[in-house]
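No gaps in the numbering here: position 100 of the sequence shown is 100 in my numbering, and each next residue is one more.
Treat the hints as calculated values from the structure; they're not laboratory data.
Be aware that a few hints might be false.
[Unchecked claim] Simulated crosslink set (DSS-like; lysine-lysine; CA at most 30 Å straight-line):
| # | residue 1 | residue 2 |
| --- | --- | --- |
| 1 | Lys33 | Lys55 |
| 2 | Lys44 | Lys99 |
| 3 | Lys34 | Lys44 |
| 4 | Lys33 | Lys44 |
| 5 | Lys44 | Lys55 |
| 6 | Lys102 | Lys55 |
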Amino acid sequence: MALFFSSTQSIPDTAEVPRHIAVIMDGNGRWAKKRFLPRVAGHKRGVEVVRDIVKQCASIGVEYLTLFAFSSENWRRPQEEVSFLMGLFMEALQQEVSKLHKNNIRLVMIGDHSRFDESLRDQIARAEALTRDNTGLTLTIAANYGGRWDILQAVNRLHAERPELAGNYNEEHLAPYLSMHYAPEPDLFIRTGGEQRISNFLLWQLAYSELYFTDTLWPDFDSAAFELSIASYRQRERRFGRTSEQLQQ
1 MALFFSSTQS
11 IPDTAEVPRH
21 IAVIMDGNGR
31 WAKKRFLPRV
41 AGHKRGVEVV
51 RDIVKQCASI
61 GVEYLTLFAF
71 SSENWRRPQE
81 EVSFLMGLFM
91 EALQQEVSKL
101 HKNNIRLVMI
111 GDHSRFDESL
121 RDQIARAEAL
131 TRDNTGLTLT
141 IAANYGGRWD
151 ILQAVNRLHA
161 ERPELAGNYN
171 EEHLAPYLSM
181 HYAPEPDLFI
191 RTGGEQRISN
201 FLLWQLAYSE
211 LYFTDTLWPD
221 FDSAAFELSI
231 ASYRQRERRF
241 GRTSEQLQQ
């Protein structure tokens, strides 16, 4: 069984602080280009911002933070940039995991990791094992992830394990096989960099998330920019199909 219910099947509790925040960290390359730097400089700066946002989320009581680090479509980028990003993943894991563990943060990596080098896959496994029992913030990194891939792999696994249900699958059957079965659906989705789309990220899970788009490039997404996103979220009326009058009652 999945640990959390679907927002289309039941009404989740809401609070002033989002329980789960999902982020597309866009704009690293443009940030670097504006400064006449190579694109990789923007990615390195972006890692520093991740560190700061993790701290902020933990400090205000966010329970789950999910970051889109590398999509299944990002393999289409120039090979040198892809190679740098793979190396940056490895470097970040080596340098940051012990700090996450020290701060009681659990790390989970979701996506199709079969295309990664064995050394990176091993590093991911060690990082997840080290932090598995931590009870603070759950930090999820989506790498070589796509929302359509997630749904398809879930359906295929469900069919393989429970063929007797074929033709009668429902959300409750599928939920345990989705990559983020361990987390509630995101309350707040943030995309930096000015684009206003979800780009194949958490297609199933974002059904009732509040969407927040900002022109701020990810390397410039500081504490003030983060606080603006939280302030925007607090102004939303989360109806989940109900009317405003029902909420007031």
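The hints, checked one at a time:
no. : hint              : in the structure
1   : Lys33 with Lys55  : holds, 28 Å
2   : Lys44 with Lys99  : holds, 18 Å
3   : Lys34 with Lys44  : holds, 15 Å
4   : Lys33 with Lys44  : holds, 13 Å
5   : Lys44 with Lys55  : holds, 18 Å
6   : Lys102 with Lys55 : holds, 13 Å
Going through the hint list in order, the structure satisfies each hint without exception.
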